[in-house]
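Participant: Go ahead and model the full structure; you've got the sequences and the hints to work with.
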Amino acid sequence: MSLEPSESNKMPHTLPKSITGIRGLDEITTGGLPAGRPTLICGSAGSGKTVFSIEFLVHGATQYNEPGVFVAFEEKAEELAVNVASLGFDLNQLQQDGQIRIDHVHIERSEIEETGEYNLEGLFIRLGYAIDSIGAKRVVLDTIESLFAGLTNQAVLRSELRRLFEWLKEKKVTTIITGEKGEASLTRQGLEEYVSDCVILLDHRVENKISTRILRIVKYRGSVHGTNEYPFLIDEEGISVLPVTSLRLNHPVSSQRLSSGIPGLDKMLAGEGFYKASSILVSGTAGTGKTSIAGSFVDKACKEGMRTIYFAFEESPYQIVRNMLSINIDLRSHLDNGLLQFSASRPTLNGLEMHLLNIMKLVEKFKPQVIVLDPISNLITVGSTSEVKSLLTRLIDFLQNQQITVMFTALALNDNKTEQTDEGVSSLVDVWILVRDIESNGERNRGLYVMKSRGMKHSNQVREFVITDEGLKLVEVFLGPEGVLTGSARVTQELMEKTSEAIRDHALSRKDREIERKRMALESKISTLKEEFESLQEELNKSYIEDELKKSILEDNRKELTRKRDNLH
Amino acid sequence: MEVKEEVWELRLYVAGKTTRSVAALANLKKYCEEYLKDKYVIEVIDLLVHPQLAEGDQILAIPTLVKKVPEPIRKIIGDLSNEEKVLVGLNIRPAK
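If you're matching them up, the sequences are chains E and H in order. Just so we're aligned: the first sequence equals residues 1 to 569 in my numbering. Just so we're aligned: the second sequence equals residues 1 to 96 in my numbering.
Incorrect hints may appear among the rest.
Under the rule of at most 25 Å between Cα atoms (straight-line distance), these lysine to any residue pairs were calculated in the SDA-like manner [claimed, not checked]: (1) E:Lys300 x E:Ser345; (2) E:Lys171 x H:Gly16; (3) E:Lys172 x E:Glu183; (4) H:Lys17 x E:Leu554; (5) H:Lys37 x E:Gly116; (6) H:Lys17 x E:Asp132; (7) E:Lys452 x E:Ser390; (8) E:Lys172 x H:His50; (9) E:Lys76 x H:Lys17; (10) E:Lys171 x E:Tyr129; (11) E:Lys551 x E:Glu531; (12) H:Lys29 x E:Lys76; (13) H:Lys29 x E:Ile112; (14) H:Lys85 x E:Glu113; (15) E:Lys76 x H:Lys85; (16) H:Lys39 x E:Ile112; (17) E:Lys76 x H:Arg74; (18) H:Lys17 x E:Ser159; (19) H:Lys17 x E:Arg158; (20) H:Lys85 x E:Tyr129; (21) H:Lys17 x H:Glu71.
What the hints contain is simulated information worked out from the structure, not anything from laboratory work. Computed from a predicted structure; not experimentally measured.
Facilitator: Below, the structure written as structure tokens:
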């Protein structure tokens, strides 16, 4: 993520940088703030300037062995310690350990009378003493513009500030100067004129009653840096900046497969399910079972021992667990063994960027392999379509880099002919599953389509999607002469098919018997004829033998006669 | 009434012997001799020698004259060249 400090040492011509330790910022600034130089942090009241600078100091002191001095012009040291205690920073302890020194500079206008010439050597001496006493490498001046309220001689102040920044550079301390945002300029007193190395602008915007914190690097002399507006978050762990554009399309891909938890759906997806680390969109009209598909997917993933986070934007975890039980999906057991985590929040709780940050932070902490966002449609209530799309793009990129499979559910409107989801994310995702109501014969049934599935042969057929007590099932729809039949029409048709088959079977066996009978009749006829023929033959033979017999007897008789006649002579 | 017993405790913060601090001290001494004779104590603190003392009295500008007693605490910054302002600041002369 961040550059190693040694890298800047290797290349003497590059600007040495001081790591802030603020998540995301070191990435945008490619290594931190310019080391040994002043950086101006400006922003309106409540934009996070003090937290930013305190975090810079505390990280320096605790992680990078760079003690720091905090010169507070506005708050007392004790107040400051209490204020940042909520971020988990123990300033009192750090002060005792000599890692941080807080100097409260207080100017009471009413106590001060100005007569004649003066300079701010006293401030220099105090600062110098503080720096030297702990060997500080980092300094924060918060907010130096308070001087302008306490002292009237502007000319002296300006020249002294210029001298102060030069002096800090000579001291080789990395300095943060905070300044309140002015009307036309970055700071009220035009401090940006004096601090020319690095200027960071913090902003706190409220749109549609939802606030978003924004950070922008206005300038950074001698270094490449991200120029966008980066949303950032202040929570119990301090500041996290979310880089938007550092994401590139070069994430590794996997050919490993992941079951959807619905055997029929896996079959539609080339028989094996989704690719690992792919993004899946399940869209459909209200009540088509999007959450059930998500629940089934989560259940399957957990059963295979994968860590899973379920981000719910519509229902509470208890509600989801209860509802899933009704279709025989037991998410409670996964919650109990720690594989599943729920994160439920109303979309309106945060701005979009906060949602994204929260998701990313949770993902980095829990290290899941599968996450579900249910549904993303509600996010549109807190951002415009393009914002939601940008958020999802970044989220998908982030997740794919981490090899996490993500399933979104989205509500599609029925009248929308193109089936495009409101969020316009269907082009971003790898797999798009559409569940649609099919209304006919006075009932609604669910038809499931795989609209797209990158990199695999997938079914182009519509399947009927049935939610049963035992779970989710995909049934092949009945394609009859009347078209696609679903629900009870399908069942009826199936029954009819069965009936006619039985009838056909019956008819078939009757015909067989008929043939058998005919064969038998024929055979008996044949045997009768054969017998007739035999008797006829016998008859014929008989007469023939008789004739022969007669003939020989006649011959004999004649011979006898002849002989007798001869004898007579 | 009790003015007699009151002693002006004055501290002048300087940083080395610059012309400005020398001028400030000279001006201060002149006013004190003139208006607060035998009723004042001047302590000169050189912050180059004792930098740790700057924090206690919230010193930013140099030179700074701090009047601790009598109350209220007052700080007069600069080379004290404007006599009028110094006298008002030291509560020697009421503000007009």
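Participant: Evaluate each hint against the coordinates.
Facilitator: We went through each hint and held it up to the structure:
The hinted pair formed by Lys300 (chain E) and Ser345 (chain E) meets the criterion: a straight-line CA distance of about 24 Å does not exceed 25 Å. Our distance criterion of 25 Å between C-alpha atoms is met by Lys171 (chain E) and Gly16 (chain H), whose separation comes to about 20 Å. Pair hint Lys172 (chain E) plus Glu183 (chain E) does not hold up; C-alpha atoms about 32 Å apart against a cutoff of 25 Å. The straight-line distance between the Cα atoms of Lys17 (chain H) and Leu554 (chain E) is roughly 189 Å, outside the 25 Å bound, and the hint therefore fails.
A C-alpha spacing of about 24 Å is found between Lys37 (chain H) and Gly116 (chain E), which places the hinted pair at or below 25 Å, so the restraint holds. For the hint linking Lys17 (chain H) to Asp132 (chain E), the alpha-carbon distance of about 23 Å falls within 25 Å, and the restraint holds. The hinted pair formed by Lys452 (chain E) and Ser390 (chain E) meets the criterion: a straight-line CA distance of about 21 Å does not exceed 25 Å. Proposed proximity of Lys172 (chain E) and His50 (chain H) is supported: the alpha carbons are some 23 Å apart, at most 25 Å.
The hinted pair formed by Lys76 (chain E) and Lys17 (chain H) fails the criterion: a straight-line CA distance of about 32 Å is larger than 25 Å. Distance restraint check for Lys171 (chain E) and Tyr129 (chain E): the Cα-Cα separation of roughly 12 Å lies within the 25 Å cut-off, and the hinted pair is therefore satisfied. A hinted pair counts as satisfied when its Cα atoms are at most 25 Å apart, and Lys551 (chain E) with Glu531 (chain E) does not qualify at roughly 30 Å. Our distance criterion of 25 Å between C-alpha atoms is broken by Lys29 (chain H) and Lys76 (chain E), whose separation comes to about 35 Å.
Straight-line distance between C-alpha atoms of Lys29 (chain H) and Ile112 (chain E) comes to about 20 Å, which keeps the hinted pair within the 25 Å bound. Proposed proximity of Lys85 (chain H) and Glu113 (chain E) is supported: the alpha carbons are some 7 Å apart, at most 25 Å. For the hint linking Lys76 (chain E) to Lys85 (chain H), the alpha-carbon distance of about 30 Å lies beyond 25 Å, and the restraint is violated. Between Lys39 (chain H) and Ile112 (chain E), the direct Cα distance comes to roughly 22 Å. Compliance with the 25 Å bound is thereby established for this hinted pair.
Straight-line distance between C-alpha atoms of Lys76 (chain E) and Arg74 (chain H) comes to about 21 Å, which keeps the hinted pair within the 25 Å bound. Simply put, Lys17 (chain H) and Ser159 (chain E) have alpha-carbon atoms about 21 Å apart, close enough for the 25 Å limit, and the pair holds. With a CA separation close to 24 Å, the supplied pair Lys17 (chain H) and Arg158 (chain E) stays within the 25 Å bound. For the proposed pair Lys85 (chain H) and Tyr129 (chain E), the alpha carbon gap of about 31 Å is over 25 Å, so the pair is violated.
Distance check on the hinted pair: Lys17 (chain H) and Glu71 (chain H) sit about 29 Å apart at the alpha-carbon level, beyond 25 Å; violated.
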